[in-house]
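Enquirer: Chain by chain, the residues:
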Amino acid sequence: MPLLECRNLNHYFDGLCAVSDFNLAIEPGDLVGIIGPNGAGKTTVFNLITGVYRATRGSILFGGRETVGRTPSGIASLGIARTFQNIRLFRELSVLDNVRIAHYARARYNAVEALLQIGRYHAEEKRIAGRSMDLLAALNLDPYADEPAKNLPYGMQRRLEMARALAMEPKLLLLDEPAAGMNPNEILQLMDLIQWIRKTFGLTILLIEHQMRLVMGICENIKVLDFGATIAEGPPRDIQNHPKVLEAYLGEEVTV
Amino acid sequence: MKTDHGNIRTGWRKMTESRFFMPGLIAAGLILSFSVSHFELLDPYVQLILMYVGINIILTASLNLINGYMGEFSVGHAGFMAVGAYTASVLTVSVFPGHMTFLFFPAAVLAGGLVSALVGLVVAVPSFKTRGDYLAIVTLAFNMIVKSLIENLEAVGGPRGFLGMEKLTTLPWVFFWTVLSVWIIRNLVYSNFGRGVLSIREDEIASDLMSVNTRQVKLLAFVVSSFFAGIAGALFAHLLQYINPRMFDILKSTDILIMVYLGGIGSIAGSIIGATIFTLLLEILRPMGLWRMVLMPLLLVLLMIFRPRGIMGLREFRWFIPLRDVVATRLRQAKKEAADASS
Numbered sequence: 189m190p191l192l193e194c195r196n197l198n199h200y201f202d203g204l205c206a207v208s209d210f211n212l213a214i215e216p217g218d219l220v221g222i223i224g225p226n227g228a229g230k231t232t233v234f235n236l237i238t239g240v241y242r243a244t245r246g247s248i249l250f251g252g253r254e255t256v257g258r259t260p261s262g263i264a265s266l267g268i269a270r271t272f273q274n275i276r277l278f279r280e281l282s283v284l285d286n287v288r289i290a291h292y293a294r295a296r297y298n299a300v301e302a303l304l305q306i307g308r309y310h311a312e313e314k315r316i317a318g319r320s321m322d323l324l325a326a327l328n329l330d331p332y333a334d335e336p337a338k339n340l341p342y343g344m345q346r347r348l349e350m351a352r353a354l355a356m357e358p359k360l361l362l363l364d365e366p367a368a369g370m371n372p373n374e375i376l377q378l379m380d381l382i383q384w385i386r387k388t389f390g391l392t393i394l395l396i397e398h399q400m401r402l403v404m405g406i407c408e409n410i411k412v413l414d415f416g417a418t419i420a421e422g423p424p425r426d427i428q429n430h431p432k433v434l435e436a437y438l439g440e441e442v443t444v
Numbered sequence: 002m003k004t005d006h007g008n009i010r011t012g013w014r015k016m017t018e019s020r021f022f023m024p025g026l027i028a029a030g031l032i033l034s035f036s037v038s039h040f041e042l043l044d045p046y047v048q049l050i051l052m053y054v055g056i057n058i059i060l061t062a063s064l065n066l067i068n069g070y071m072g073e074f075s076v077g078h079a080g081f082m083a084v085g086a087y088t089a090s091v092l093t094v095s096v097f098p099g100h101m102t103f104l105f106f107p108a109a110v111l112a113g114g115l116v117s118a119l120v121g122l123v124v125a126v127p128s129f130k131t132r133g134d135y136l137a138i139v140t141l142a143f144n145m146i147v148k149s150l151i152e153n154l155e156a157v158g159g160p161r162g163f164l165g166m167e168k169l170t171t172l173p174w175v176f177f178w179t180v181l182s183v184w185i186i187r188n189l190v191y192s193n194f195g196r197g198v199l200s201i202r203e204d205e206i207a208s209d210l211m212s213v214n215t216r217q218v219k220l221l222a223f224v225v226s227s228f229f230a231g232i233a234g235a236l237f238a239h240l241l242q243y244i245n246p247r248m249f250d251i252l253k254s255t256d257i258l259i260m261v262y263l264g265g266i267g268s269i270a271g272s273i274i275g276a277t278i279f280t281l282l283l284e285i286l287r288p289m290g291l292w293r294m295v296l297m298p299l300l301l302v303l304l305m306i307f308r309p310r311g312i313m314g315l316r317e318f319r320w321f322i323p324l325r326d327v328v329a330t331r332l333r334q335a336k337k338e339a340a341d342a343s344s
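Residue numbers (this note's numbering), protein chains in the order written: chain A, 189 to 444; chain B, 2 to 344.
The following block holds chain A by itself, in its conformation from the complex (with noise of 0.2 Å):
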């Protein structure tokens, strides 16, 4: 059975097709990519999936759960996470909190505990510091823990909130445009990384991105996206030589 399935996904924005008639179907452990002009209906996917927007016509299936009309909260604790194209993190909290935050819905103890300081509070407070911090020090960011995020440069707000994501122990990760603004160089371990967090924590990833460089070295399948509709899917190899692919992006081959 797919960990993931969108089956027949249609969203409209006022009449205006984002998405139209959008199958996707991810085995647990894929790494699947995500490609396509901007404007191409990549990020509507995503918010779709989280429960940003919900669709107007279609099913998205979780570990054979249906999520659509689920919060976008209910989403995360099935196990979604996603980092965000234009960064998002709690920029005024300090990056240890930031890590801390995700772990809401794993916490195991209730109001009163917490209102009163009793029962599970304290070691569970305990846990999830313990675990924020292991995260951050395996994405070399424990030196900065008492940062507040915004101090952060660029890169390293874009490891927090891996970090983030992460924390919620998630079983699928939604990357958008993990390399936005990167250097090639930071691509090259930006691609080192995410091999690592996928074999690290056994996770099954789905990204967007415009670097090629980085999708097609590291993406198993990728789908090629278009005004809303699926134009290509394959194998890396396939999609650069597809007709349809050069000529979402460069244009018609006319002969002169």
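To be clear, the hints were calculated from the coordinates, so they are not data collected in a lab. Take these hints with a grain of salt, some might be off.
[To be verified] Calculated pairs, DSS-like style, for lysine-lysine (alpha carbon to alpha carbon, straight line, at most 30 Å):
(1) B/Lys15 <-> B/Lys336
(2) B/Lys130 <-> A/Lys338
(3) A/Lys338 <-> B/Lys336
(4) A/Lys314 <-> B/Lys337
(5) A/Lys314 <-> A/Lys387
(6) A/Lys359 <-> A/Lys387
(7) B/Lys337 <-> A/Lys338
(8) B/Lys337 <-> B/Lys15
(9) A/Lys314 <-> B/Lys336
(10) A/Lys338 <-> A/Lys359
(11) B/Lys15 <-> A/Lys314
(12) A/Lys314 <-> A/Lys359
(13) A/Lys314 <-> A/Lys338
[To be verified] So, partial list: chain B residues that the calculated Cβ filter (under 7 Å) puts toward chain A:
(14) Asn188
(15) Leu189
(16) Arg196
(17) Ser212
(18) Arg333
[As the list claims (entries may be wrong)] What follows is a list of derived Cβ distance ranges for each label pair:
(19) B/Ala29 <-> A/Lys314: 27 to 33 Å
(20) B/Lys336 <-> A/Leu438: 51 to 57 Å
(21) B/Val126 <-> A/Asp322: 34 to 40 Å
(22) A/Asp322 <-> B/Val47: 52 to 58 Å
(23) B/Met145 <-> A/Gly227: 42 to 48 Å
We treat Cβ as the ideally placed atom computed from N, Cα and C, and that holds for glycine.
Please build the complex by placing chain B on the supplied structure of chain A, with the hints as guidance.
Expert: Chain B alone, transformed into the frame defined by chain A:
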């Protein structure tokens, strides 16, 4: 000389971080407040001002939870105060027997808080869909509804007000409720739920996507906030021994807002400082008569220019932060310094 200074500092730190320090301080405060009120150690007028300070601390800390920590803008806090004040007053005057006030007064105050919390639950619902300016309008409307509702309830005296309460609010009681409210709000802030509250202020959509159940967090924040506003109202009613609907109008809500933004948003210490300075300043400047109404706003304008986030904005006294976090931060700092020194 220098080492002496260091010794005093580590000694002070050791003492304040002992697990008996805070409970000891609170016990001492309770004994002190009890003896002050019992043996009349202080002028009754001074005692009255101290009680107002305590009530205002409760109001400020509870509103700070919504406006400072959660980043919403609630302007109807006096509405919750009215609910608590009227509930408790009706209970002590018409329901509970006149004797055994030692038992029945706290029960009445608690009931005032609980009814107010119930109302807070209802006000929290619009906050699921609206925020910012629009939620401010909702809370404004709530304050007006409460006021006109009471004005039209003949059973509690309507616009003439309600009286007959004994002066049951004493310094020890105010101290007890103030400490309790500050402690519980502080516990909330430094829990999983409190971090949820902060993340809503920073970025609500991102917080939802990071598995924070924002509805649950908002409900909890509104319930705790309105609970303590109700407690403050109940104490206020049994201090003044007379309440009327006009006492709980927008102007009262504005006073609480001023204390929050004066002391500093998102800070327990700020709430205490803001409420104390505002209450004391109003009394100290009383001889100035009308000029007080010129000087106070002027001070506020100056504060907003030089410290836009209030005196303690987004900062906290070490004593209010859980010791676990303080120690962890200090260890990381030491490690960093050692690493810097060796390189």
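Enquirer: Checking against the hints above, which ones are violated?
Expert: none
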